[in-house]
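When the letters of the sequence shown are read in order and numbered with the numbering used here, they come out as residues 23 to 290.
These aren't lab readings, by the way, just hints derived from the structure by calculation. Be aware that one or more of the hints could be misleading.
Said to hold, decoys possible - In the PhoX-like style, the derived pairs of lysine-lysine whose C-alpha atoms are separated by at most 20 angstroms in a straight line are: (1) Lys-187 - Lys-153; (2) Lys-153 - Lys-259; (3) Lys-43 - Lys-271; (4) Lys-117 - Lys-290; (5) Lys-271 - Lys-106; (6) Lys-185 - Lys-253; (7) Lys-43 - Lys-259; (8) Lys-185 - Lys-153; (9) Lys-153 - Lys-271; (10) Lys-259 - Lys-49; (11) Lys-259 - Lys-185; (12) Lys-271 - Lys-253; (13) Lys-49 - Lys-117; (14) Lys-290 - Lys-187; (15) Lys-253 - Lys-187; (16) Lys-286 - Lys-49; (17) Lys-106 - Lys-76.
Stated by the list, open to error - Label pairs and their in silico Cβ distance ranges: (18) Pro-63 - Thr-83: 42 to 50 angstroms; (19) Lys-97 - Leu-254: 18 to 26 angstroms; (20) Val-277 - Thr-193: 20 to 28 angstroms; (21) Lys-49 - Leu-254: 40 to 48 angstroms; (22) Ser-68 - Pro-127: 34 to 42 angstroms.
Ideal Cβ placement from N, Cα and C applies to all residues, glycine included.
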Amino acid sequence: MGMEKVSGERKKRRVRQKKKKLSVVQKLYDICREVFADCGPGVVPSVEGIERLKHILNGITAPDVGVSPNMPYFKVKETSTFPKITYLHLSHCDKFSIGIFLLPPSGVLPLHNHPQMTVFSKLLFGTMHIKAYDWVDDGATVSTPEADLSKGEVTPVSVRLAKLKVNSAFTAPCNTSILYPTDGGNMHCFTAITSCAVLDVLGPPYCDPEGRHCQYYRTHPFTCFSVDDKKLPDGEKIEDHAWLEEIDKPASLSVVAAMYNGPKIVEK
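With these hints in hand, go ahead and build the complete structure from the sequences.
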């Protein structure tokens with residue numbers, strides 16, 4: 023009996039030691055597998071699952087994932103266009119993806135959406151301005167006239183009304199931000215004030231064949247168009263609303279992939 027007890031204790035110690043050796047990113051991956059297991063397009067994880075992901079992401083630091091402001095990706099030359107943004111791929115499956123965006127000073131991820139997705143974003147270092155919107159209506163677009171002053175013409179523009187949810191600068195360390203399929207600022211724009219690194223978890227990830235492609239937008243002030251059935255409720259501020267027009271991927275946007283050299287993830 024004594025030997026059996028000693029053997030059991032040794033096994034427990036080995037299990038504890040094995041757990042201690044797990045990197046933070048491996049723990050993040052393992053939690054994502056559990057939290058997103060029963061989720062799909064438009065399905066938000068449980069409250070408990072969201073809290074688990076929030077908790078581990080809030081504790082992740084830049085050294086945990088092997089990134090720092092001294093990396094060459096942040097050294098940019100003077101240019102008339104926006105500096106290129108680097109993306110480090112950590113993991114990807116049909117349920118979720120994990121990656122890191124590296125934005126040099128003045129780097130911009132233009133206003134874009136996250137269709138049927140729940141997204142967790144953790145600013146690892148730097149100061150970043152985030153502007154985010156949610157749709158106001160049920161998805162209907164309206165065609166409104168817009169004057170082209172260069173040609174002296176008026177052309178129809180398809181726009182949809184959105185409400186401003188976030189318009190602030192954030193400096194690391196700060197808590198993880200979460201956006202949902204229809205709430206929390208599903209369409210957002212990132213502007214790097216300093217060198218920034220953002221750890222992103224998307225569930226599910228973008229998938230063109232399934233209709234979850236990244237759509238970009240141009241904003242128009244609410245007062246630009248007059249639409250009879252688009253009146254704001256009492257108490258709503260005009261400046262907190264904008265018309266969003268779908269556009270092609272901006273020509274100035276350059277996102278390039280680079281090798282992730284942080285702690286490795288063992289995918290299961």
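(message) So if I understand the rule, the pair passes when the alpha-carbon distance is 20 angstroms or less; does Lys-271 with Lys-253 pass?
(response) violated (30 angstroms)
(message) Hint check: Lys-286 vs Lys-49, CA-CA at most 20 angstroms. Holds or violated?
(response) holds (11 angstroms)
(message) Does Lys-117 sit within 20 angstroms of Lys-49, going by the straight-line distance between their CA atoms?
(response) Answer holds: Lys-49 to Lys-117 is near 17 angstroms, not above 20 angstroms.
(request) Check the following: the C-beta atoms of Ser-68 and Pro-127 are separated by a distance inside 34 to 42 angstroms. (result) holds (38 angstroms)
(message) Would the hint linking Lys-290 and Lys-187 be met if the CA-CA limit is 20 angstroms?
(response) violated (37 angstroms)
(request) Could you see if the CB distance from Pro-63 to Thr-83 stays within 42 to 50 angstroms? (result) At 32 angstroms between Cβs, range violated.
(request) Given the hint that Lys-153 pairs with Lys-271, test it: the Cα-Cα distance must not exceed 20 angstroms. (result) holds (18 angstroms)
(request) For the pair we were handed, Lys-253 and Lys-187, check the Cα-Cα distance against 20 angstroms. (result) holds (19 angstroms)
(message) Lys-259 and Lys-49 were given as a pair; does the straight-line alpha-carbon distance stay at or below 20 angstroms?
(response) The given pair, whose Cα atoms are some 43 angstroms apart, is violated under the 20 angstroms limit.
(request) Mind checking the alpha carbons of Lys-271 and Lys-106 for me, to see if they're no more than 20 angstroms apart? (result) holds (14 angstroms)
(message) Can you confirm whether the C-alpha distance between Lys-153 and Lys-259 stays at or below 20 angstroms?
(response) holds (17 angstroms)
(request) Mind checking the alpha carbons of Lys-185 and Lys-153 for me, to see if they're no more than 20 angstroms apart? (result) Distance ~11 angstroms between Lys-185 and Lys-153 Cα, so the pair holds.
Hint violations for this structure: numbers 3, 7, 10, 12, 14, 17, 18, 19, all remaining hints satisfied.
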